[in-house]
Amino acid sequence: MFRYSKSIYGGQEQLIGASFDLLSWFAVAGIAFVIVHLVAAALSKSRNRIGH
Amino acid sequence: MNEPNKNKSTGEGASDGKVIRHTLFDRLYHWTMALAVFVLMGTSFLPILGFKFQWVDIHWISGVLLAVLILVHIVRAMVWQDWRHMMIWPSDIRDIFRGLIATFSRSATPPARPGKYNPLQKLYHLGSAVFVLAVIITGLMMMLKIDTPIWRRNPYVFANTTWGWIYALHGLAAMAMVTMIIIHVYFALRPDEFYLTKSMFRGWITRKEYKDHHDDQQWKA
Numbered sequence: 001m002f003r004y005s006k007s008i009y010g011g012q013e014q015l016i017g018a019s020f021d022l023l024s025w026f027a028v029a030g031i032a033f034v035i036v037h038l039v040a041a042a043l044s045k046s047r048n049r050i051g052h
Numbered sequence: 001m002n003e004p005n006k007n008k009s010t011g012e013g014a015s016d017g018k019v020i021r022h023t024l025f026d027r028l029y030h031w032t033m034a035l036a037v038f039v040l041m042g043t044s045f046l047p048i049l050g051f052k053f054q055w056v057d058i059h060w061i062s063g064v065l066l067a068v069l070i071l072v073h074i075v076r077a078m079v080w081q082d083w084r085h086m087m088i089w090p091s092d093i094r095d096i097f098r099g100l101i102a103t104f105s106r107s108a109t110p111p112a113r114p115g116k117y118n119p120l121q122k123l124y125h126l127g128s129a130v131f132v133l134a135v136i137i138t139g140l141m142m143m144l145k146i147d148t149p150i151w152r153r154n155p156y157v158f159a160n161t162t163w164g165w166i167y168a169l170h171g172l173a174a175m176a177m178v179t180m181i182i183i184h185v186y187f188a189l190r191p192d193e194f195y196l197t198k199s200m201f202r203g204w205i206t207r208k209e210y211k212d213h214h215d216d217q218q219w220k221a
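Heads up: the protein sequence lines correspond to chains F and E, in order.
Position one of the first sequence corresponds to residue 1 (the numbering used here), numbered consecutively onward.
Position one of the second sequence corresponds to residue 1 (the numbering used here), numbered consecutively onward.
Possibly wrong hints are sitting among the right ones.
As the list claims (entries may be wrong) - With a straight-line Cα cutoff of 25 Å, these simulated DMTMM-like cross-link-like pairs (lysine to aspartate or glutamate) come out:
1) Lys45/F to Asp212/E
2) Lys45/F to Asp82/E
3) Lys220/E to Glu13/F
4) Lys45/F to Glu209/E
5) Lys45/F to Asp215/E
For the record, the hints were derived by calculation from the structure and aren't laboratory data.
Build the full structure now, drawing on both the sequences and the hints.
Structure follows, in structure tokens:
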């Protein structure tokens, strides 16, 4: 989740930012939302159609 | 604090069957902000994806533009517009749950017609506001690390650990914006929401769209 680096003088690892490997996961989260909403909207539409 | 409705006319009606939804100023704001956001995302993520170019200057200038736009938007929303249209009220939470339940149950009570913005749009606005403010605040701090026409860089303002958290927060909020933009574009392209997308270009919706989709007590037009 985070990127760390070690000083050239040694010592503890230092936090330097977020890991950019997460970028694809954020994109997947957006696509997953779209798919879930499409399914829910289709489900809702078919229920309404049956109801009428 | 009251929900937006009742005694105050907040929409702008037009006699020719059009209901003004977004003024020219608001549309210009929206599209300039969209341009700034896309430039910011391009100049931040394309180098990470392997497209190398001199991105720093374009990035911080676009970031300052975005910060100014957001500041103008906040002042305008608080002073000249009815900010209560975008607040999440208990009735919005109720309608989100009603909408969810109605998806799976035919006998459930459907959500009430919304005012100018529906509960999910308000929720989206809140999420975007959190992420955009996070990238702007951390981004302005990060500008202390670069030379600009106004100041010379000074990376010693914060300790290394603090810089690490500032960079981490900036990155996480920027990546979260990718999710938000995918969701935004999806809703903008949905046929049932497309009348709203059109209104972001031409400024108005038809009187029929207004009556079909909105509660005229909460959004008077």
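Structure-based check of each hint:
1. The suggested pairing of Lys45/F with Asp212/E holds, with an alpha-carbon distance near 17 Å, which does not exceed 25 Å.
2. Distance hint between Lys45/F and Asp82/E is unfulfilled; the C-alpha atoms sit about 34 Å from each other, more than 25 Å.
3. For a cut-off of 25 Å, the pair hint linking Lys220/E to Glu13/F is broken: about 58 Å separates their Cα positions.
4. For the hint linking Lys45/F to Glu209/E, the alpha-carbon distance of about 19 Å falls within 25 Å, and the restraint holds.
5. For a cut-off of 25 Å, the pair hint linking Lys45/F to Asp215/E stands: about 22 Å separates their Cα positions.
In terms of the numbered hints stated before, the structure departs from hints 2, 3, listed from lowest to highest.
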